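Construct all of the structure, not just a fragment, from the sequences and the given hints.
The numbering of the sequence shown is full-length UniProt numbering, which starts it at 1 and goes up by one.
Simulated from the structure, these hints should not be mistaken for lab results.
Just so it is clear, the structure is predicted and the values come from calculations on it, not from any experiment.
Just so you know, not all the hints are guaranteed correct.
Stated by the list, open to error - Taking lysine-lysine and the DSSO-like style, the derived pairs with C-alpha atoms no more than 27 Å apart in a straight line are: (1) K77 - K128; (2) K50 - K82; (3) K63 - K50; (4) K41 - K63.
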Amino acid sequence: MFVMLQKGVVPQKPTHGTVWVAKSFPPWQSTVLNTLRQLHKENGSVPENKIISAALAKEASLKKYMKRVMPFVQVVKVNVAKMGLQAFNLTLDFDERAVLEQNISYLTSTLELEGALVLRFSEEADDKIREECCPGKPFAVYQAESSIPVKFINPQVSSGFLSMTVPIYQNDTVAMVTSRMCQYNRHIKGEVKLGSGKRCL
1 MFVMLQKGVV
11 PQKPTHGTVW
21 VAKSFPPWQS
31 TVLNTLRQLH
41 KENGSVPENK
51 IISAALAKEA
61 SLKKYMKRVM
71 PFVQVVKVNV
81 AKMGLQAFNL
91 TLDFDERAVL
101 EQNISYLTST
111 LELEGALVLR
121 FSEEADDKIR
131 EECCPGKPFA
141 VYQAESSIPV
151 KFINPQVSSG
161 FLSMTVPIYQ
171 NDTVAMVTSR
181 MCQYNRHIKG
191 EVKLGSGKRC
201 L
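Listed below in structure tokens is the structure:
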């Protein structure tokens, strides 16, 4: 993902993120895939670019995407060489969102985010994200959210660990806060109790 920053603005470390997952390709890419599938069927293989370009030029829905069409065609041709006819499929043969959900903790930890990644379908996003997101290539957006610093004091007597200040974000859960405390201080071992309740805020 590319992020455009305003001149003179110092970028903040992202704390939260949203991963957009596409159920199918954007309409213009679906048109290209269907056309290439038909040309492959008629010719027995993917024809040369001249024939492909002529066929795609007849599609009115592609007019405003013509600068992006042939680069996408080249990607598809490479995929056909690797995957065969499966490269023309408009959807994946597995549940991409389910796979990401199973690995959400690992992804959040690897990206060093304060809050768990949020998974959403691209059909709920704006036009730019819908155009960039496609099956097998999720689109991630990261942001730095505001927090409230909260100081935690250890009530245990004769403990070397006295206190620590931890940022608390909106919708944080007790589990998320305790996990954050352990990440901030690797010397914390065992169970960390912050009291009862589902949410800190």
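Hint check:
1. K77 - K128: holds, 25 Å
2. K50 - K82: holds, 22 Å
3. K63 - K50: holds, 17 Å
4. K41 - K63: holds, 24 Å
Comparing the model with each numbered hint stated earlier shows that all of them hold.
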